[in-house]
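Student: The listed protein sequences derive, respectively, from chains A and B. The numbering of the first sequence is the numbering used here, which starts it at 45 and goes up by one. The numbering of the second sequence is the numbering used here, which starts it at 45 and goes up by one.
No lab work stands behind these hints: they were computed from the structure. Beta carbons: idealized from backbone N, C-alpha and C, even for Gly. Any given hint might turn out to be false.
[Unchecked claim] With a straight-line cut-off of 25 Å between C-alpha atoms, the simulated SDA-like cross-links for lysine to any residue are:
1) Lys378/A <-> Arg349/A
2) Lys380/A <-> Lys394/B
3) Lys378/A <-> Ala462/B
4) Lys456/A <-> Lys395/A
5) Lys378/A <-> His186/B
6) Lys378/A <-> Lys394/B
[Claimed, not checked] Using C-beta positions, here's what the derived DEER-type ranges look like:
7) Met458/B <-> Glu162/A: 35 to 41 Å
8) Glu67/A <-> Met458/B: 31 to 37 Å
9) Asp524/B <-> Arg539/A: 29 to 35 Å
Number of protein chains: 2
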Amino acid sequence: MTVSAVSAPSGATLSSAITRFEEIVGAEHVLTAGAEFLEFRDPFQPPGWDDYTPSAVVQPASVEQVQAIVRVANELGVPLWANGQGRNNGYGGGGLRLKGSVTVNLRRMNRILEINDELSYALIEPGVSFLELYAALREGSHPLMLSVPDIGWGSVIGNSLDHGITYMGYGQDHMAPCGLEVVTADGGLLRTGMGAMPGNRSWNLYRRGLGPTLDQLFMQSNFGIVTKMGVWLQPLPEFVMPMTVTSYKEDDIVALVDTLRVLLLDGTIEGVPCLLNTPSAAGMVSRSSDWWDGDGPMPAAVLDRVGRELGVGRWWGRLSLWGDGPVVDHKFAKVKAAFTAIPGVAVQGKKITPAEAENLSHPSDRVVAGVASLELIRMAGWRGGDTGGHMDFAPVIPLVGDEVMRFIKTFKPMYESAGLDFKSDLMAISARCGIYVSGSNFNFADEEETRRAYSMVRTVISEAGKLGYGVYRAHLNFMDLAADQFSFNDHAYRRFVQQIKDAVDPAGILSPGKQGIWPSAMRGQ
Amino acid sequence: MTVSAVSAPSGATLSSAITRFEEIVGAEHVLTAGAEFLEFRDPFQPPGWDDYTPSAVVQPASVEQVQAIVRVANELGVPLWANGQGRNNGYGGGGLRLKGSVTVNLRRMNRILEINDELSYALIEPGVSFLELYAALREGSHPLMLSVPDIGWGSVIGNSLDHGITYMGYGQDHMAPCGLEVVTADGGLLRTGMGAMPGNRSWNLYRRGLGPTLDQLFMQSNFGIVTKMGVWLQPLPEFVMPMTVTSYKEDDIVALVDTLRVLLLDGTIEGVPCLLNTPSAAGMVSRSSDWWDGDGPMPAAVLDRVGRELGVGRWWGRLSLWGDGPVVDHKFAKVKAAFTAIPGVAVQGKKITPAEAENLSHPSDRVVAGVASLELIRMAGWRGGDTGGHMDFAPVIPLVGDEVMRFIKTFKPMYESAGLDFKSDLMAISARCGIYVSGSNFNFADEEETRRAYSMVRTVISEAGKLGYGVYRAHLNFMDLAADQFSFNDHAYRRFVQQIKDAVDPAGILSPGKQGIWPSAMRGQ
Chain A
45 MTVSAVSAPS
55 GATLSSAITR
65 FEEIVGAEHV
75 LTAGAEFLEF
85 RDPFQPPGWD
95 DYTPSAVVQP
105 ASVEQVQAIV
115 RVANELGVPL
125 WANGQGRNNG
135 YGGGGLRLKG
145 SVTVNLRRMN
155 RILEINDELS
165 YALIEPGVSF
175 LELYAALREG
185 SHPLMLSVPD
195 IGWGSVIGNS
205 LDHGITYMGY
215 GQDHMAPCGL
225 EVVTADGGLL
235 RTGMGAMPGN
245 RSWNLYRRGL
255 GPTLDQLFMQ
265 SNFGIVTKMG
275 VWLQPLPEFV
285 MPMTVTSYKE
295 DDIVALVDTL
305 RVLLLDGTIE
315 GVPCLLNTPS
325 AAGMVSRSSD
335 WWDGDGPMPA
345 AVLDRVGREL
355 GVGRWWGRLS
365 LWGDGPVVDH
375 KFAKVKAAFT
385 AIPGVAVQGK
395 KITPAEAENL
405 SHPSDRVVAG
415 VASLELIRMA
425 GWRGGDTGGH
435 MDFAPVIPLV
445 GDEVMRFIKT
455 FKPMYESAGL
465 DFKSDLMAIS
475 ARCGIYVSGS
485 NFNFADEEET
495 RRAYSMVRTV
505 ISEAGKLGYG
515 VYRAHLNFMD
525 LAADQFSFND
535 HAYRRFVQQI
545 KDAVDPAGIL
555 SPGKQGIWPS
565 AMRGQ
Chain B
45 MTVSAVSAPS
55 GATLSSAITR
65 FEEIVGAEHV
75 LTAGAEFLEF
85 RDPFQPPGWD
95 DYTPSAVVQP
105 ASVEQVQAIV
115 RVANELGVPL
125 WANGQGRNNG
135 YGGGGLRLKG
145 SVTVNLRRMN
155 RILEINDELS
165 YALIEPGVSF
175 LELYAALREG
185 SHPLMLSVPD
195 IGWGSVIGNS
205 LDHGITYMGY
215 GQDHMAPCGL
225 EVVTADGGLL
235 RTGMGAMPGN
245 RSWNLYRRGL
255 GPTLDQLFMQ
265 SNFGIVTKMG
275 VWLQPLPEFV
285 MPMTVTSYKE
295 DDIVALVDTL
305 RVLLLDGTIE
315 GVPCLLNTPS
325 AAGMVSRSSD
335 WWDGDGPMPA
345 AVLDRVGREL
355 GVGRWWGRLS
365 LWGDGPVVDH
375 KFAKVKAAFT
385 AIPGVAVQGK
395 KITPAEAENL
405 SHPSDRVVAG
415 VASLELIRMA
425 GWRGGDTGGH
435 MDFAPVIPLV
445 GDEVMRFIKT
455 FKPMYESAGL
465 DFKSDLMAIS
475 ARCGIYVSGS
485 NFNFADEEET
495 RRAYSMVRTV
505 ISEAGKLGYG
515 VYRAHLNFMD
525 LAADQFSFND
535 HAYRRFVQQI
545 KDAVDPAGIL
555 SPGKQGIWPS
565 AMRGQ
C-alpha cells in the first residue's frame, strides 16, 4: 500500500475523491449540501460554528462499496470518518474530529440479517437503529427483548462501538456485542472471533476466538469500519418490573450508592440501574424554565420543590427487575427493604408482563422495560428548549457511597460557580463502578453560555484526571484532552495503540483523531 | 530497537543470555537442569520426547526483573516463552512452542496485592494459583468466593489468559479478569483500561477504558507478558446448591442440551454447567481399567454398567445454583421440573451454606461450589493411571441439541475406529454455546498409543474446521493447524494479528508460535 500523509482534502483532491465516490455509490448518495448533509455536524454548536463538519458525506449501501471507498481514500490520501447514524449529540452527534474529512455514513446499510429465537441473538448492519430492531422483534412476534438506550434513534452497532449505554441485562459492559465483520484500512474484510473461520457456526454465540479476541479493539478506535455485528437479546421474561427509588435528602447519595452496590453484587439487581439528581430526573418531563427563571444554577429550595412536585426528590433511582413471578416478588421485597431502611426513602415498582410495557405512562419506565422510543429526546431541552444542548462530562467512578459524595463535593461547586446546573446521572454500568454522566446543559443559541459550558468541561476533565477519574468517552472537542489524562508510564497505553494504528492503517485514513488516536503523519512528533 | 531475526538460541548466544539472566534474577533462579527444570516440558509426552522443551527457565521475582529479561532478549535475539505455573497439561503443560526458547516462569511473582471486600475483587500477580487465592480468602475470612477450575494448581492469571474454564458466575467468557499490567516487548510497562491513568480508582472495576480496550488482546497471544490482573470475586451467597442431572440414554443429549440452553438464557442457571459422558464422569472417581480390560473403546454395555454403578448414567450434568434461599428453592424446582420432563432423567441438589462446601463428599460438587483442590487431578489417569495423559480436542459448538447430536455422530466414530474412548465434557461457557472438550486419553508410557492420539487430534481439528467448528484453544503440537482453520477471506484475521505482532514485537522475542502467531522472521513468507 502507498502511504500518503493525510490531511483534510481540498481542491482537486476533494473533487477527484467525490467523483470516485459517486462512481461507487451513485451521485445521489454523496452529499455536499442540503438538509441531510447538515445533520453531519455537532448539532449543539451555535449556528455558524463549524469545527466538526465534513466536506462530503458518502452513504454506501453494501460492504463492497465500503471497501471500494476505503481503497479510494488510501489512493488519494483522503481521511474518512465512519458513523452509523451519528446521533449521540452529547458527544458531538454526526460531527467528526478532523474538519473537512469525508464522512462515511452507514444509514443505508440497515438490514437485519438474522433474528434467531432459539439462540436469542440478531445479526445486523450498522444502519439498524434501536427503533428498527425493536420494531422488527415486535412485528415478527419474536419472544425476545432488546436492551435499549434512552433515545432509540441511534445505531445499535454505533452505540456499542462507542461504549454507549443501555439499561437491561445486556447493557452491562460488552455484554451485547458478539462477533464483528470489519472493513480494514486496506479495503480488506475480516471477521472477529469464530467468524474468522469460514462457515463457523458460533460466530455470534462465542465471545472469544482462537488467538486474541479483536472485538474490543474496534470499539472507541479507528482501526476498521464495522459492517456487521451480532447482538445478544434476552428471552422475554414472565414479568418485568420498572422500579423507582426516591430520596429527598442530598446526603442520602452515600447510602443509596452503597445499597445499590450490594444489591448488584449479589445479583438481586441486574442491568444498569441509575441514580439521577433532581435536574436530571426533572429533565425527562419538564424544562428548567418551568421551575426557575433566575440566573445561574437552580437553588436548593427550588430543587426541593421540583423534587416534591414531580415526586423525583433530590435523588431518583430508575431500574427494573425481571424474571419468573416468585423471583421478581422476592427481589422486589428485598430491594424495597434495603432502600427503605434509609429514612424517608420511597420505593415503587409495578410488576407487568413484557407486553404491557408499551402502555407504561412514564417514558423512563418504558425504557428500563425494554421499549425503544424517541420521547426522552426532550432531555436535551432542560435549558434552552428547542435550542437546548448538553455536553457530557462522564467519568468512571467506584460504586462506593463516600467516594461518590467526595466526587460531588469536588465537582458540583465548579459547575455552580460557572452558573451551570450540575445535572447528573450515575449509571451503574456494572456492580463495581458507575459512569457519572454530568451534563452541563446550555442554550446553544447563546454563544457565551456555550463557551462557558465548553470551558467547564475542559476544566473538569483535567481536574478529574488529577484525582484518578477518567471519562468513559469524550466529546469531539475534548478527545485529545481526555486521552492526555491516561499518561501512566509516559503514555504507554497511547504509544502501544499508536503502534497498532500505524501498522493497520499506515496511510492514516480511518477516522483520524478518534478518541485521541492520530496517525503518525498527524502526531507532530 | 534493533530487530534481530530470532531462532532458538544456542552456543555462545545461549551462554551469554544465561549469564545476563543470572545477573538479573540470581543464578539460583535460572534453571537448566534438575527436577523443577524438568517440569517445563509437556508432561504427557513419552519419556525421551522433547519437542517442547526450553533451553533454560528464568524465574523473575519482580516486574522490573521481567522488564530487564525482555530487554536482554531483544538485545541478544533470544525468544522467550512466558507462563504462570505451566499447568494445563491437556494443552502442553509447562512446555513451549519453539524448542530451545527460554521459559520465563512467573511462579515467584505470587503476591496477592489486594483483596477488596467492599468491591469484591482481588489484584494479583501471575504466580498466584487458584489454591493460593482460595486459601487467602478463607484464611482472611473474606466474604467472597472465587470461581475455580477442576484442578486448583494453575495460575489464576495464566488460566484467564489462555481462556481457561472455571464454573461459577465469573467463569463465563471474560467475566473474571478486569485490568491488566503488561510488560511490552520493548521492556516497557503499560496498564490497560482505566489503569492507563496514573492513580485511577477504577482500574479493576471498569471493564473498558477510553479508546480501545486491550485486555483481550493479551489473551491467547504473544504481545506482552502480563504481570498483574484484577480478578472479580463473588460475594458469598446465602446458599449454594451443587446439582447433578443423570440420564441413562445416549440419545437424551438432544433434550438435555435444549433444556439447559433455555434455563441458561432465562438466567435460571448461571455459571458454566457441564454435561459429561460416562467415561468423563467416571474418570473423576475411577479408572478405565476398573471396568474394562479389553482392547479399544469401552463397549456400550460396559458404559451402561459404569453409569448404573456410579450413578452417572450415560450423561451426567454438573452445575450449581446460588443466592437467597427462596430464589435457590424456586430455581431448583424449575430446573428439576425441566430436566425430569425427559423420561428417566434424575435430578439431585443439596442446598448448603458456602461454609459447608468443603465438606461435600464428591470432588465435583466441591468445585462447582467454589472449593479449590487438587483431587480431580486423577482425571488424567483414566487410561494408564500414573502414566495417563490426555490431549484435548475442544471445539466451540452451538448449544442446540440436534447440532450436538450431529457433532457426536460425526466425531465419536473417528475416535472409536482408532481404538480410543470418546471421553467428552460439554462445557456451556455461556447460554448460547458450549466447548466440547473431547479428551483422547492415552497411556503416555506407550509411544504407539500416544502417536495414535496425536494423529486422531490432527484429524479431528481438520475435519471440524471443514464443518465450521473451531477449537477454543490448542495443544502446542496443533496450534498452527488449529489457526489454519480460521481462513476466512484468505486468513484476514491472521494477517491482521500478524501486523500487530510485527508492530509491537518487531524482534519477535515474545512466545513465538503461540496460538499460531509467529513473528515475521519465522513466517517463511
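Student: Are the hints correct? Go through all of them and say.
Tutor: Tested hints:
A distance of roughly 30 Å separates the Cα atoms of Lys378/A and Arg349/A; the hinted pair therefore is violated under the 25 Å criterion. Restraint check: the Cα-Cα separation between Lys380/A and Lys394/B comes to about 29 Å, which exceeds 25 Å; the hinted pair is violated. For the suggested pair Lys378/A and Ala462/B, the alpha carbons sit about 57 Å apart, so the restraint of at most 25 Å is broken. Pair hint Lys456/A plus Lys395/A does not hold up; C-alpha atoms about 36 Å apart against a cutoff of 25 Å.
A hinted pair counts as satisfied when its Cα atoms are at most 25 Å apart, and Lys378/A with His186/B qualifies at roughly 23 Å. Straight-line distance between C-alpha atoms of Lys378/A and Lys394/B comes to about 24 Å, which keeps the hinted pair within the 25 Å bound. For the hinted restraint 35 to 41 Å between Met458/B and Glu162/A, the CB-CB distance of approximately 28 Å leaves it violated. Checked against the hint of 31 to 37 Å, the C-beta distance between Glu67/A and Met458/B comes to roughly 52 Å, which is inconsistent with it.
Range check, Asp524/B to Arg539/A: about 31 Å between beta-carbon atoms, so the 29 to 35 Å window is met.
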